[in-house]
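Asks: Okay, here's what each chain looks like letter by letter:
Protein chains: 2
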Amino acid sequence: MRKVTFRVATSLDNYIARQDGSFDWILQSEDSSSSLAEFWKTIDTVLWGRKTYDLVKGRMPAYKGVKNYVFSRKLKESADQGVELINQDAAEFVQVLKKQEGQDVFVMGGGELAKSLFEADLIDEVGMNIHPVLLGSGIALFHEMKRQINLELIECKTFSDGCVLVSYRVIS
Amino acid sequence: MRKVTFRVATSLDNYIARQDGSFDWILQSEDSSSSLAEFWKTIDTVLWGRKTYDLVKGRMPAYKGVKNYVFSRKLKESADQGVELINQDAAEFVQVLKKQEGQDVFVMGGGELAKSLFEADLIDEVGMNIHPVLLGSGIALFHEMKRQINLELIECKTFSDGCVLVSYRVIS
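So the sequence lines, in the order shown, correspond to chains A and B. Just so we're aligned, residue 1 is where the first sequence starts under my numbering, counting upward by one. Just so we're aligned, residue 1 is where the second sequence starts under my numbering, counting upward by one.
Because the hints were derived from the structure by calculation, they are not lab data. Since the model is a prediction, treat every value here as computed from it, not as a measurement. Heads up, none of these hints are tricks.
Put simply, identical chains are the same to the list, so a pair is met inside one copy or across any two.
Think about it this way: if two alpha-carbon atoms lie no more than 30 Å apart in a straight line, the pair counts; the simulated BS3-like pairs of lysine-lysine are:
| id | residue 1 | residue 2 |
| --- | --- | --- |
| 1 | Lys64 | Lys157 |
| 2 | Lys3 | Lys64 |
| 3 | Lys51 | Lys98 |
| 4 | Lys51 | Lys146 |
| 5 | Lys99 | Lys57 |
| 6 | Lys98 | Lys67 |
| 7 | Lys115 | Lys74 |
Input sequences plus hints: build the corresponding full structure.
Replies: What follows is the structure, encoded as structure tokens:
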């Protein structure tokens, strides 16, 4: 079964972007980039929420060399050739995806997609690269969920840019 | 000048209690308790928001051997002899307090008190003991703030119970 990981860069107060969608506050250092590069080696599929995809689509291309799925009931066609739109229920789609042959799956976000996948018990691991900033306001990482998710700490890494990557296994 | 530290136990999704105020999910291990005990040695004053004080007042006594201040415009008298009620603006009060002789100051919370002290640039350090759980809903740790707070990572400690304590200096 393919592993599904929700991995994000976040502020300490759990915002993934400023209110206007900007992420100028995201840091990049050699050691954090190389940790992310290691993670990418395990991935061949990226799942995007529609809002997150809207945020980044003008600013960066869909990831190359991997399959990109964007969940949306609104979008008719994607701006990007490397992207497949999924109108189906995300949980149902991911249930099937997990059983297919392939490398692991990266849930890029956003919070609404993650919420539906957490609630359906489809996320296996969580990684948060916590940035040394309280943004004060912005687009929230987490949305209220119907149930508690219990985690087990796998690893905690400190990077030279002051970010802390915490990685967890979902246990129930 | 006395150092003012906002230190809290929080879930990974930044809740400090369940919706009903319960904190049965808080873990205690020998190493996390001894880290907290070291912190207490530096403290002689605890600041409480009124709501946080309401949450805990039936469940635990105000801390002994330290000065406890509760900020409230509503409360007339405290349930606890060891507690002094402050009707004054929290930021004005803490500005004076910081200049007084004494040990360091512990902002126990909650989020509304922290928000007003962050915005007034009165908090020097932040410590979050991040628990390995997504509660999904509850009482939020952070409230929206008017400005961004930039932090510098001081330390990141992993405890045997799977909690991660991240400590930051406020830089601007």
